[in-house]
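*Asks:* Letter by letter, the chains look like this.
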Amino acid sequence: MKTTRRRALLFGTTAAAAGLAQSPPPQAAPRSPGDEVESAREAMKRTGEQLATVDLKSDTEPAFVFRAG
Amino acid sequence: MSSAPDKKMADGNDELFFSSIAELSAKLRAHQISAVELTRAFCDRFERLAPRYNALAFSLRDEAIKQAKDVDWELKVDRFRGPLQGIPCGVKDLLAVAKHPTTWGAKPFAGQVFDYDAAVVEKLRKAKAIVIGKLSMVELAGGGGYRFAAASLFGAGLNPWDRTRWSGGSSSGSGSAVAAGLVPFAIGSETNGSILTPSSYCGVTGLRPTYGLVSRHGAMALSWTMDKLGPMCRSAEDCGMVLEAIAGGDSRDAGSAGKGYFHNPQFFRKLSDLRTGYAPVDFEEWAEPEAREAFKQALGVLREIGLPLKETKLADLPYGAVTSTIIRAEGGSAFESLIRSGRVDELADQKQIAGLKAALELPAADYLRAMRIRTLVRKAFRELFVEQDVLVTAATFGPAPKLSTPLDAEPDRPRPKDPGLSRLTPAGNLAGLPALSLPCGFVNGLPVAIQLVGRPFSETNLIAIGMEFQKRTDFHKRRPPA
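In order, the protein sequences belong to chains F and P. Read in order, the letters of the first sequence are residues 1 to 69 in the working numbering. Read in order, the letters of the second sequence are residues 1 to 482 in the working numbering.
Read the hints as simulated data drawn from the structure, not as lab findings. Where a beta carbon is used, it is the ideal one built from N, C-alpha and C, also for glycine. There may be inaccurate statements among the hints.
Stated by the list, open to error - Within a straight-line C-alpha distance of at most 35 Å, the following computed DSBU-like cross-link-like pairs (lysine-lysine) qualify:
#1 F:K57 <-> F:K45
#2 P:K76 <-> P:K99
#3 P:K477 <-> F:K57
#4 F:K45 <-> P:K27
#5 P:K379 <-> P:K259
#6 P:K471 <-> P:K313
#7 F:K57 <-> P:K379
#8 P:K417 <-> F:K45
#9 P:K66 <-> P:K477
#10 F:K57 <-> P:K310
#11 F:K45 <-> P:K69
#12 P:K417 <-> F:K57
#13 P:K296 <-> P:K270
#14 P:K313 <-> P:K296
#15 P:K402 <-> P:K296
#16 F:K45 <-> P:K402
#17 F:K57 <-> P:K259
#18 P:K270 <-> P:K313
Claimed, not checked - To give an idea of the chain F side of the interface with chain P (calculated C-beta under 10 Å), a few residues:
#19 D35
#20 A40
#21 A63
Chain F extracted, bound-state conformation:
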């Protein structure tokens, strides 16, 4: 198939962009994937602790509404 400039532009972008994405972004301090997940868990734990500081009455309903049927 003839590859025109247009075709290259239309269909080549993803591949080119994928290539860009494959080059690793700069890392401040290299971390293993396991460390990253552990760090994300810690962050979730901390946000959970912040949420726990708010006094909630039992009749404070979540901010979504269930509608029957």
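Using the hints, position chain P against chain F.
*Replies:* Showing chain P alone in chain F's frame:
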């Protein structure tokens, strides 16, 4: 139509590419330029320059030219459809465009193709706007949290004002494409700052509509209770015109409010009646030192306009924690199959990958608690808006960061003790409130912006203030270096 005039326009007529929607519409109606000529000129420029900013996801040239021919036929018989008729535009690559790739900025979805258009794309086409391309974005709109600007299938969004800096996220391509004059306007999305941040960093005017005003049918879901779609334009007036075209009820979107928006400047309220709350600490301490003068000047312009400014503050609630918990819980669920399949590891940013994996472990009790606190957030805003009509703070506290700066880096100066309105971006998103980002100055050649926030469905007030602000300033008209 010969290609010679298009090339001439593309190469030598920057005025055209930085014209407002109203100016372009006037040229089309006066037959000074045809829709096909305009579309070709913008397609040429978009395809040539968008890669420079990593803003290009896909060109939709062939379809666009076809639609432009239809518009020319209508204009020939003086059938005017509205201000967007024949105006080229771009949409963030989280919106489905039938039979074209919709990648959500993420490698695992690089081959994804839908057989239908997103509701916003349908509405743009109904208004006869010409969608010329899809614009890059942070992968999955950054739902798992991300550390680097390069968290995208398309590479880091580069800022037209300085390509060593970020264009902001997650609507990176929408911000840079409008700023660089590649499209007259673009559609972005916001869950928690994704319209306001790139608008501020790129110096464009961005509108986050009230939750439910614009249908999300056909848009990537990150957080069902927080996702919004909105325009990123050259001016507040342009935002009003685009919002009118894309707003409206839609039974295909469970969050749809069933309301529309009508851009009628003759019905704007008297600006001196709009009580405006602000917190001096936002501009004097939270703002980066070099940006403070620009914010001070912006407050001065708001006073000149006649807005009665009064100090105020937000209720003391953990807005950031509530926001991140809701986005993690809903995003983790929306992308559960991606995470469990292991393809999540193909994403570009390690922090994003880890954030999504951990999200599946988020306790239901935390999500429910966050949603219950959100009820308090809404109540607190209802009370605040008894005293105020509009709130104003910085859209971002300084200009765009360097690409190499980790986005989760600790600030290099201590946080002020008084929070002021500094948490208005997460708080406003939690409450589903509309916001307008207005360019208000430059710091070392980089734009900064204020944000205006109002009650639900009060977009008219924000646009009215924005239009008056932009009559008195020219920051929104400045152009990045060629």
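*Asks:* Are the hints correct? Go through all of them and say.
*Replies:* Hints versus structure:
With a CA separation close to 22 Å, the supplied pair K57 (chain F) and K45 (chain F) stays within the 35 Å bound. Under the criterion of a C-alpha separation no larger than 35 Å, the hint pairing K76 (chain P) with K99 (chain P) is consistent with the structure, at around 30 Å. Proposed proximity of K477 (chain P) and K57 (chain F) is contradicted: the alpha carbons are some 50 Å apart, above 35 Å. Restraint check for K45 (chain F) and K27 (chain P): the C-alpha separation of about 57 Å exceeds 35 Å, so the hint is violated.
Our distance criterion of 35 Å between C-alpha atoms is met by K379 (chain P) and K259 (chain P), whose separation comes to about 22 Å. Using a Cα cut-off of 35 Å, the hinted pair K471 (chain P) and K313 (chain P) holds, with the two alpha carbons roughly 29 Å apart. For the hint linking K57 (chain F) to K379 (chain P), the alpha-carbon distance of about 14 Å falls within 35 Å, and the restraint holds. Taking the CA atoms of K417 (chain P) and K45 (chain F), the gap is about 24 Å. The hint holds against a cut of 35 Å.
Among the hinted pairs, K66 (chain P) with K477 (chain P) is consistent with the structure: their alpha-carbon atoms are about 31 Å apart, no more than 35 Å. The straight-line distance between the Cα atoms of K57 (chain F) and K310 (chain P) is roughly 32 Å, inside the 35 Å bound, and the hint therefore holds. A distance of roughly 57 Å separates the Cα atoms of K45 (chain F) and K69 (chain P); the hinted pair therefore is violated under the 35 Å criterion. Simply put, K417 (chain P) and K57 (chain F) have alpha-carbon atoms about 28 Å apart, close enough for the 35 Å limit, and the pair holds.
With a C-alpha separation of about 23 Å, the suggested pair K296 (chain P) and K270 (chain P) falls inside the 35 Å cut-off, and the hint holds. With a CA separation close to 18 Å, the supplied pair K313 (chain P) and K296 (chain P) stays within the 35 Å bound. Proximity of K402 (chain P) to K296 (chain P) is assessed by CA-CA distance (about 25 Å); at most 35 Å being required, the pair is judged to hold. In summary, the hint linking K45 (chain F) to K402 (chain P) is supported, as the alpha carbons are separated by about 30 Å, within the 35 Å threshold.
Pair hint K57 (chain F) plus K259 (chain P) holds up; C-alpha atoms about 33 Å apart against a cutoff of 35 Å. For the hint linking K270 (chain P) to K313 (chain P), the alpha-carbon distance of about 24 Å falls within 35 Å, and the restraint holds. Hint status for D35 (chain F): holds, given a least beta-carbon distance of 8 Å to chain P, under 10 Å. Here the hint on A40 (chain F) is kept, as its CB sits about 4 Å from the closest CB of chain P, short of 10 Å.
At about 4 Å, the closest approach between the beta carbon of A63 (chain F) and any beta carbon in chain P falls short of 10 Å, and the interface hint on this residue holds.
In summary, the numbered hints that this structure violates are 3, 4, 11.
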